[in-house]
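These protein sequences, in sequence, are chains A and B. According to the working numbering, the first sequence is numbered sequentially starting from 92. According to the working numbering, the second sequence is numbered sequentially starting from 109.
Please note that a few of the clues may not be correct.
Calculated cross-link-like contacts (lysine-lysine; reagent style PhoX-like; alpha-carbon spacing at most 25 Å) [to be verified]:
1) A:Lys-360 - A:Lys-230
2) B:Lys-156 - A:Lys-226
3) A:Lys-338 - B:Lys-528
Partial list, derived from the structure: chain B residues whose beta carbon lies under 10 Å from chain A [said to hold, decoys possible]:
4) Ser-142
5) Met-146
6) Asp-170
7) Gln-219
8) Met-221
Partner residues aside, some chain A positions facing chain B, computed with beta carbon under 8 Å [said to hold, decoys possible]:
9) Ser-111
10) Ser-131
11) Gly-253
12) Lys-298
13) Ser-347
Please keep in mind that the hints were generated in silico from the structure rather than gathered at the bench. In this text, a Cβ means the ideal position worked out from N, Cα and C, and glycines have one as well.
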Amino acid sequence: MFKIIAYGDSIITGQYTKHSEFTHVINYESNGLLISLIDSTVPQMPNSLFISDFNIDLPAHINFSDNSIFIGNTEFLKESILKYDSSIDLMKLDLETFVKNLNIISENINLFNTKSYAFLIDNSLSLYFDSAFEKALIKTVKEGYDDILNKNIEAGCKKIKGTGYGLTPSGDDFIAGLLFGLHFNEKYYGKNLLFLKNKIFETAKSKNLYSSNFLHFAKEGLYFEYLKNLIINLSLHDESKIIESLKKVLSYGESSGSDLITGFYLCIKNKIGL
Amino acid sequence: MITKGFIKKGQYFDSVTLMIISKDIKKLEGIIDSSIVMGTNENKSILKQAGLYCSDFDNSSDAEILIAFQAESETAIEKALLEIDNQLINIRKQKNDNIVRKPKSIENAKQQMPDANLVLISVAGKYATNEAVKALDNGINVMMFSDNVSIEDEISLKLKAREKGLLVMGPDCGTAIINGVPLAFANVVNSGNIGIVAASGTGLQEVSSIISNLGAGISQAIGTGGRDVKKDVGGIMFIEALKALNNDAETKVIVLISKPPHESVLQKISEEIKKIKKPVVGIFIGANPEILKNAGAIPASNLEEAAIIASSISKGESYDKSLNDIKLRNAKLLEEAKEIIKTCKGKYLRGLFSGGTLCDETQLIMKDLVGFTYSNTPLNEKFKLTNVWVSQENTIIDLGDDEFTAGKPHPMIDFSLRCKKIIEEAKNPDVAVILLDIVLGFGSNLSPLEDLIPALNEAKKSNPSICIISSITGTDNDPQNRASIKTELEKAGVIVKSSNVEASILASNIIKLRN
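Turn these sequences into a full structure, and let the hints guide you.
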């Protein structure tokens with residue numbers, strides 16, 4: 092008998108139907124919203140159900156009500172299951188230390204040689220992009236990034252969204268990172284960026300359910316486990332813990348983690364939105 | 109050139125899968141360029157810029173996978189598409205089978221394999237220490253394939269391991285055989301009662317292979333990393349490994365392999381040997397055998413000898429006869445050399461080695477019979493090559509050294525540099541002998557003949573009188589199969605000998621006679 096070890100705090104009630112299956116994640120969908128069943132190798136998310144055993148016959152439907160989770164016909168009471176808290180109260184963190192530690196990201200962004208948008212931080216990584224598609228991709232992304240730096244944020248995001256490799260294209264992950272970075276900028280500089288975040292989200296969202304769900308959480312400031320741990324560690328004084336948690340984010344997906352952190356870092360570094 | 113596009117609808121594959129397939133397809137014959145991306149409008153725009161767009165993509169959506177090809181022919185595209193489909197089907201099939209999901213951390217791995225007591229770490233050096241600490245904290249022995257670990261970290265890890273009664277093999281440890289399991293670069297050898305402690309990877313491989321080929325077997329072969337026996341590290345793991353083999357019921361004979369340890373370390377090793385009741389055979393390459401004799405070990409003058417002595421003892425036989433047989437064999441090598449020089453021209457030796465220890469051993473043999481040789485890792489600094497890419501007189505190079513391997517696979521895996529050097533050296537009429545070491549086993553090139561034979565053929569074509577001699581480190585049970593490698597090399601005109609020592613003595617005799 093399997094158990095639900097934890098559920099994400101942002102799952103909307105409803106009936107979800109099996110959508111797609113990967114080695115460590117099985118997705119269920121309802122009206123464009125995803126719930127992801129995950130195992131221990133995947134970070135918890137605002138919409139994840141962390142279960143103890145993937146080697147079972149998972150049913151076609153999952154039902155999420157106010158008090159219970161039904162996986163097929165099996166009911167699990169929410170009150171007896173841990174809830175994953177995807178929020179961070181940034182004001183409770185030492186944001187000065189966070190800013191001082193930010194360089195650790197740029198110094199270690201090339202930890203894994205993936206074809207991510209980390210070339211925007213370390214241009215030498217663009218050497219890995221050698222095919223015709225990749226050269227055109229770099230050109231497009233750099234143009235979009237220049238627009239963002241020149242305060243044409245919407246135009247820049249339009250150029251970058253949907254570009255690149257991956258089930259969640261690198262451009263979408265980059266923009267998600269940007270959105271997470273805007274939350275920091277809001278709190279650190281005391282400026283309301285709600286309108287900008289919504290505009291970026293509307294620009295970037297698409298029919299790609301994976302990207303759109305992730306972008307939604309980024310807009311709302313709902314963090315997946317690895318990013319949450321990194322942000323908390325960045326506000327502390329233990330460099331080895333920062334690198335440990337950065338490695339986890341960077342190794343997420345093929346390049347998703349790296350794309351996301353690039354967007355996050357550059358948004359804060361360049362004070363985007365301010 | 110043909111540009112064509114396909115759409116995969118209604119299928120979802122994770123980014124890692126898509127990237128792996130994308131990389132594999134680019135290597136296919138006839139494929140000039142390809143891209144596998146999601147069908148977003150932005151990616152379509154980039155495909156247009158790259159000249160990879162097809163009108164078929166016009167109606168695709170964000171959630172569909174676009175596959176774009178530029179190829180030399182329709183046939184190439186068809187083959188590539190088939191390959192993609194096969195890979196995707198295999199991946200689907202794997203997901204539907206009950207496979208064990210790969211862990212992403214030592215803690216995860218321990219959860220999946222709670223009885224595991226060894227971890228092999230092969231990450232970039234600056235992160236390897238952290239992983240080793242985690243392993244030791246979890247009560248797990250460590251093998252560190254990683255190099256570029258600081259000496260301070262190495263010492264700290266080994267002291268921690270010693271305190272916990274665990275082993276840290278490495279850093280820069282490429283070879284071990286634990287409970288019959290070959291780890292990293294290692295050979296498939298017989299199980300038996302000979303235990304090895306080695307601060308030398310290819311030294312361990314040569315000795316363990318010869319032992320197995322002589323019908324004896326290995327209980328455990330523990331690598332320590334080359335730096336362990338230096339002054340700073342002080343032989344911490346060398347000594348712990350020696351103790352472990354002393355306490356191991358399966359081990360009846362112990363073999364120690366290293367370059368000469370630092371004096372202070374040698375002292376500690378000697379003290380430890382004195383406490384051991386089992387026979388200890390030692391080969392410290394280049395060192396005076398008396399050192400080991402005084403320590404109570406049976407000294408061997410080379411790797412082959414160490415293997416022969418250990419095998420004889422393990423079988424309960426006298427090793428004197430075996431060593432006498434070797435002396436006779438070596439005398440015959442002089443006769444063989446006399447025959448070879450009748451057709452051989454030139455006067456110099458060019459040794460092209462993948463194993464550093466074997467390179468050193470050959471230099472020592474040459475030194476005794478002919479004199480010092482030039483090298484990138486010379487015995488005598490006066491004989492350091494001015495330019496490691498240009499041979500001088502008698503030259504023996506270690507192609508596994510840093511100058512040759514920066515950014516490239518090790519020559520045991522990738523033969524391309526060595527093959528290039530074979531062809532280049534053969535063209536020089538002053539070269540009489542090319543000497544090679546072929547190291548088989550896990551981790552090494554699985555199809556060495558595919559690369560070597562064409563190079564050897566070209567060498568022989570450009571210089572029919574060139575003499576090419578090789579040893580093969582390995583066994584018939586290795587994935588490459590030693591016997592079949594030997595047969596094919598001999599067909600290609602290579603003189604194949606049973607050990608690096610035998611090959612080196614023959615080569616040295618030829619050079620001595622030619623000069």
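Checking against the hints above, which ones are violated? 3, 8
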